[in-house]
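J.: Residue numbers (this note's numbering), protein chains in the order written: chain V, 19 to 173; chain F, 5 to 522.
Everything labelled a hint here was simulated from the structure, so no lab data went into it. Hints are supplied without guarantee of correctness; some may be wrong.
Covered stretches of chain V (chain F as the covering partner; in silico rule of three or more C-beta atoms under 8 Å from a C-beta of chain F) [said to hold, decoys possible]: (1) 27 to 41; (2) 52 to 63; (3) 96 to 110.
Don't be surprised by glycine CBs; every beta carbon is placed ideally from N, CA and C.
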Amino acid sequence: MSDLRRPQPIQRRDFLGKAAMWTCGATLGLATVGMARLPFPAVIAGEAGAVKVGRPDDLAPGPGRWIASARAFVFRDDAGVYAISGICTHLGCIVSQTLAGFDCPCHGSRFDSQGEVTRGPAPSALPWLEVGLAPDGQLVIDTQTNVPPGTKLSV
Amino acid sequence: MATMAPPEQSALGAFIENLRQAPARLRDAIFRHGKPDTDRTRSQAVFANFFLHIHSTRIHERSLRFWATCGVGVGAFASFLVLTVTGILLMVYYKPTTDAAYQSIKDIHFVVPTGQFMRNIHRWAAHLMVGLVFLHMARVFYTSAYKKPREFNWLVGMALLVLTLGLSFTGYLLPWDQLAYWAITIGSNIAQSPREVTDALGITRFFDVGGLQKRLLLGADTVGQEALTRFYLLHVMVLPLLTAAFIGVHFWRIRKDGGLARPPDEPGEPVRLLTGQMVSFKPAPEKTYGLMALVRGTTPHVDRGQENTVTAWPNAFFAEMAVLMATCAIALVLALIADAPLKELANPSRPENPAKAPWYFLGLQELVSYSAFMGGIGIPTLVLLGLGLIPFLDRERDNGGLWCAGEGHKRVVLQSAVFGGAVVVALLAFTIQFGWLRNWFPDIPQLIIIAFNPGTVFVAVFAAWSLFVMNRCNSTRAGAIALFTCFFVAFIILTYVATVHRGPNWNFYWSRSQWPIH
Numbered sequence: 019m020s021d022l023r024r025p026q027p028i029q030r031r032d033f034l035g036k037a038a039m040w041t042c043g044a045t046l047g048l049a050t051v052g053m054a055r056l057p058f059p060a061v062i063a064g065e066a067g068a069v070k071v072g073r074p075d076d077l078a079p080g081p082g083r084w085i086a087s088a089r090a091f092v093f094r095d096d097a098g099v100y101a102i103s104g105i106c107t108h109l110g111c112i113v114s115q116t117l118a119g120f121d122c123p124c125h126g127s128r129f130d131s132q133g134e135v136t137r138g139p140a141p142s143a144l145p146w147l148e149v150g151l152a153p154d155g156q157l158v159i160d161t162q163t164n165v166p167p168g169t170k171l172s173v
Numbered sequence: 005m006a007t008m009a010p011p012e013q014s015a016l017g018a019f020i021e022n023l024r025q026a027p028a029r030l031r032d033a034i035f036r037h038g039k040p041d042t043d044r045t046r047s048q049a050v051f052a053n054f055f056l057h058i059h060s061t062r063i064h065e066r067s068l069r070f071w072a073t074c075g076v077g078v079g080a081f082a083s084f085l086v087l088t089v090t091g092i093l094l095m096v097y098y099k100p101t102t103d104a105a106y107q108s109i110k111d112i113h114f115v116v117p118t119g120q121f122m123r124n125i126h127r128w129a130a131h132l133m134v135g136l137v138f139l140h141m142a143r144v145f146y147t148s149a150y151k152k153p154r155e156f157n158w159l160v161g162m163a164l165l166v167l168t169l170g171l172s173f174t175g176y177l178l179p180w181d182q183l184a185y186w187a188i189t190i191g192s193n194i195a196q197s198p199r200e201v202t203d204a205l206g207i208t209r210f211f212d213v214g215g216l217q218k219r220l221l222l223g224a225d226t227v228g229q230e231a232l233t234r235f236y237l238l239h240v241m242v243l244p245l246l247t248a249a250f251i252g253v254h255f256w257r258i259r260k261d262g263g264l265a266r267p268p269d270e271p272g273e274p275v276r277l278l279t280g281q282m283v284s285f286k287p288a289p290e291k292t293y294g295l296m297a298l299v300r301g302t303t304p305h306v307d308r309g310q311e312n313t314v315t316a317w318p319n320a321f322f323a324e325m326a327v328l329m330a331t332c333a334i335a336l337v338l339a340l341i342a343d344a345p346l347k348e349l350a351n352p353s354r355p356e357n358p359a360k361a362p363w364y365f366l367g368l369q370e371l372v373s374y375s376a377f378m379g380g381i382g383i384p385t386l387v388l389l390g391l392g393l394i395p396f397l398d399r400e401r402d403n404g405g406l407w408c409a410g411e412g413h414k415r416v417v418l419q420s421a422v423f424g425g426a427v428v429v430a431l432l433a434f435t436i437q438f439g440w441l442r443n444w445f446p447d448i449p450q451l452i453i454i455a456f457n458p459g460t461v462f463v464a465v466f467a468a469w470s471l472f473v474m475n476r477c478n479s480t481r482a483g484a485i486a487l488f489t490c491f492f493v494a495f496i497i498l499t500y501v502a503t504v505h506r507g508p509n510w511n512f513y514w515s516r517s518q519w520p521i522h
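Sequences are here, hints too, so could you generate the full structure?
T.: Rendered as structure tokens:
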């Protein structure tokens with residue numbers, strides 16, 4: 019091996035030059051990371067999570083009522099009132115109600131009347147949403163809050 | 005003693021003479037060569053022109069033959085030019101707000117002079133560009149044109165494929181109709197689908213890459229004004245600029261990599277050039293010299309080059325112009341035949357049924373109907389990785405330029421097409437007839453379905469087939485051909501089934517007339 023091929027101690031001039039280059043690189047890299055923060059919004063402006071859906075007496079037992087503003091179905095049975103989200107857990111299409119439960123039009127997921135997946139690609143059950151009673155006697159669905167399936171508001 | 009020589013001409017006379025000569029001198033200032041009527045001036049015409057100098061001044065005769073390229077790459081570029089021009093025209097009237105977007109497209113359809121025609125051309129040119137980019141990739145693959153030294157340009161080409169699909173996807177939202185709204189809802193939820201895995205593992209709270217991707221794309225939780233602004237920005241600014249830059253690199257690298265891939269020269273019959281000349285090429289001596297530290301490789305050859313090449317002006321330009329005009333003609337005819345669709349105004353509480361993506365994403369939509377994560381992110385990532393690795397895993401020397409030139413490779417193509425087609429059709433038929441795991445075991449963990457669904461099954465079978473062919477033919481190139489062919493056939497079949505045979509609720513129907521009425 020010739021002397022040239024042997025590792026040489028780094029020259030002071032080279033060291034300063036390399037340090038300057040690495041400083042520039044680090045600065046630009048960090049600046050890029052800082053700029054990449056911008057497209058992630060800190061606040062998401064959206065519709066209110068709580069939606070009033072009328073008085074419990076307005077709801078008839080049987081098939082659920084579609085509440086477009088909450089994107090959910092509200093049901094009433096002997097045990098009380100409950101709400102099931104109408105947004106498919108697969109890719110966000112809106113399911114339609116059938117006799118057996120819910121069908122998703124986009125990729126064929128099917129759910130039973132409790133929201134459990136019976137076939138298709140949906141990875142999880144349709145979430146149940148919290149139902150409360152407002153002081154004016156109207157039912158309120160909180161679309162931001164999920165509750166365990168089977169949770170019903172007795173009225 | 006200094007005396008001024010008497011002027012031959014008065015200043016006024018010179019001024020008038022200069023004025024008379026001005027047009028000719030302007031021309032000489034722009035073009036520093038005479039009429040391109042000799043090979044020397046033709047070469048200068050290319051060499052000295054900013055827009056033309058991306059060509060070499062002389063081009064190999066073989067590169068101009070139709071079957072060398074089929075013109076699909078230039079066709080894709082021509083579509084990009086058409087899209088740029090019509091896109092700028094559409095931007096004159098389009099308004100990217102959720103309140104006005106749909107109405108402005110309506111205006112473009114019914115009020116703006118030639119508006120609908122321009123939108124039709126834009127739409128059809130977009131379809132053409134995607135199709136031609138796919139065909140161009142297939143051409144490059146089957147002619148071995150990705151091999152050393154062209155590996156990097158293959159990767160640039162893949163970046164262009166992704167950019168082309170990105171341009172199509174972002175353009176899809178802009179009309180703000182039902183088609184747009186639900187396609188982008190599905191698309192952005194595919195971006196979120198890594199949650200399927202993180203949820204199954206229970207780590208979404210700490211590591212929510214899916215949520216981050218969706219938020220980056222939409223700027224919100226649902227498709228709304230933020231999403232429209234972002235998609236508009238991407239569609240008219242970011243992606244076209246990136247695409248133009250990558251196209252520049254792509255073309256430049258073709259030159260730097262020695263022109264189009266081609267087999268060694270052979271003494272041949274006289275060929276007819278596009279200009280009508282009959283030329284016969286002689287084999288050239290192999291002796292080469294290197295321009296030290298300036299030119300890599302063994303170029304240029306002494307006493308060679310001239311015989312096998314023709315001037316780019318006008319031979320290559322005639323060919324390119326022909327492809328440009330053909331692309332324009334096809335886009336125009338399609339635009340006259342079929343209108344770009346515009347459905348009802350976007351309605352966030354009622355999806356289209358079925359809600360179908362544009363055709364080039366329908367193969368993926370068929371896959372996401374098994375698993376959102378695998379179909380939408382997992383398998384596409386695997387395919388892109390596999391494509392990118394092809395030139396590095398198949399290092400067999402080949403000058404390229406001939407279609408499946410290796411021994412028995414044409415048979416591998418045929419066998420793989422039949423095999424891949426049979427596997428995909430069988431899997432689809434089984435799934436449509438009998439369902440998949442969830443139908444038999446409703447409580448099965450999601451992770452098993454993610455890992456084991458019709459999509460992952462055929463990917464695994466194709467990989468095994470490719471290894472088998474590689475071993476049988478003792479050739480990595482044969483293995484690559486087997487894999488590429490299987491995936492290309494699978495893509496076509498999945499796209500066909502999803503386009504023609506999927507109806508409401510993504511159910512299978514033999515024909516559209518069987519769709520339930522509702």
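J.: Give a verdict on every hint.
T.: Going down the list of hints, with the structure as the test:
1. 27 to 41: violated (count 0)
2. 52 to 63: n = 5 at 8 Å, threshold three: holds.
3. 96 to 110: holds (count 3)
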